[in-house]
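Q: Residues per chain are reported as follows:
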Amino acid sequence: MTIPVTGSGSNTRRRRVVTERDATSTVEDGMTIAIGGFINSGHPMSIVRQLIRDGRRDLTVVGAASAGLEIDLLIATGVASKIVTPYVGAEGLVGIGPAFRRVAQAGEIELFELDEAHYYAGLRAAAQRVPFNPWRAGLGTSLVEVNPDLRVFEDPITGEPMIAVPAIEIDVCFLHVARADAFGNLQHNGTAYGDVAISAASAQTFASVEQIIPSEQIRAAPQLTTVDGATGVVRAQFGAHPFSAEGFYRPDEAHIRSYIAAADEWLRTGSRTRLDSYLERYVFGPADHIDYLETIGTRSLFGLYEY
Amino acid sequence: MTEQVLDVERIDGDRSRPPSAKEIMAAVIAHDLRDGEWVEVGANLPVPRAGALLAHLTHGPNMTVMLAMTKAYLRDEPVLEEYEYITDVGAMRWAEAYYRHDQLLSAQRRRINGVFYCGGVQIDRFGNSNLIGVGPDYRRLTFRGPGPIGTTNATAQSGRWHLVTTSHNPRVLVERVDFISALGYGDGEPDHRRRVGLRNPGPTSIITPLCVFDFDPDTRGARLATVHANVTVDEVRAQTGFAFTLSPTLRETAGPSDVELEILRTRIDRKRSLA
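Chains as they are written, first to last, in numbering that gives the first Met the number 0: chain E, 0 to 306; chain C, 0 to 274.
Nothing false has been slipped in among the hints.
FRET-style restraints, in silico, Cβ to Cβ:
#1 E:ARG150 x C:PRO200: 24 to 32 Å
#2 E:TYR304 x C:PRO189: 57 to 65 Å
#3 C:PHE142 x E:ARG256: 21 to 29 Å
Source of the hints: derived by calculation from the structure; they are not laboratory data.
For every residue, glycine included, the Cβ atom is placed at its ideal position computed from N, Cα and C.
So that you can see chain E by itself, here it is in the shape it has in the complex (with noise of 0.2 Å):
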């Protein structure tokens, strides 16, 4: 489906309360993505999911400053073609992704190496419609040799060597946000990690939102919006999942281990077997997110209530 950016025509606002197949369906193979969140919080999971069955190719992933499995899986499941992300991992539940290991030492996926200052470099040259930010940190590192388009410049201004980190245009973003209204004003809980900015660098942004509340409750607190402009709006209670959603619920440990586990096999022996039975579980077998969140169970899902 086409997402119309301007009004439909009946001279009324329109809604912008989409489904997560809606909003995948503005991704083409070959295109740039982004996936919001950090680490082990707040990716839009349902929307992740939705994009793997999809079955999209050749995407330049952009995951967050501090990206999480949401990225393995998009690697492990071939979305993935290229990365851009200074870090993929799970913190104390595995340092490193498997999949994103496993790829990288075969030589088998594209890596945009950068530190996350580059990062928020380049999202910020995109917001700005400019050609790259210049940048300090990471002269005399190996970050420019191998990574060709960091590039080394003379500043015009001072004469100093300066690295030009290229503008990351983003074509769709994907948020998990706390709430939004139906017309695309989105409020974190928390920080917001580096949301606000990956959204700023993308031409489309959608949002799965643990509630959608009535524009009222978003005026009586406008200062809470953080993105104002959202061309979609999915609904996704415990969208997050496995993963955190402040304010909501803790990352599903358990889950997120039995993942691991299975990728850490495919990293370690090259059988798929483990590998893809979770796949056909969580992420081929359920129809929707409302399926899979029957697969995982009202029993863990509440359990993983905050406090």
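Dock chain C against the given chain E, drawing on the hints supplied.
A: Just chain C, lined up with the frame of chain E:
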């Protein structure tokens, strides 16, 4: 109630236990920090966390402690519970401010007054660190590391920084890193950092479970500055993959005082990550 009583007994019974290697490392970090400095406390890095918090509680009332993605003031808190994830909202209960991550990375000026702790898959004698991976060919690494995360930038912006590893062995402490993700003193030539365009100093030290290296001001090479209690120079040599010299002031590392050890064990490290 019963649980609480048992807990107190357990802690009391522990006071005689000598400091562990990680507790010594935390004390080294704390002793180096000065009041008023800015320091990050991440998740899943128990030693720098404990060191920074120990400094804050003992002599750092005006330190800016960045806990998870918040600014926190913690001196009035009896126990600083650990949290497992940097995104754990439990860590946000002490916040005086939230840091949006993208804004944090734009606000580099504060790092002039900041102190940073950099790890490494490999660390070499000139204080260069590698988190990219191990192997001669970037496209076919034998071990793919986690990636630079924020270490490339933080080590190029901080007023002072240290290398920290909890694995002192010849695979980590190598003669030459395969890739440089955080630049130390490069190949050791004078003024290397300034010549490539950086403005801040190279690393002050390498802090390990066996010892602390500093860097010889004439050669920029690692130099054994202090060894922890009950560690010999020969042991350090056997476990280190690079050649190093001995500081003329080589001595035993100043570990935690009794008061510091009590604070570590009762207020900072209740889960015994440093044991």
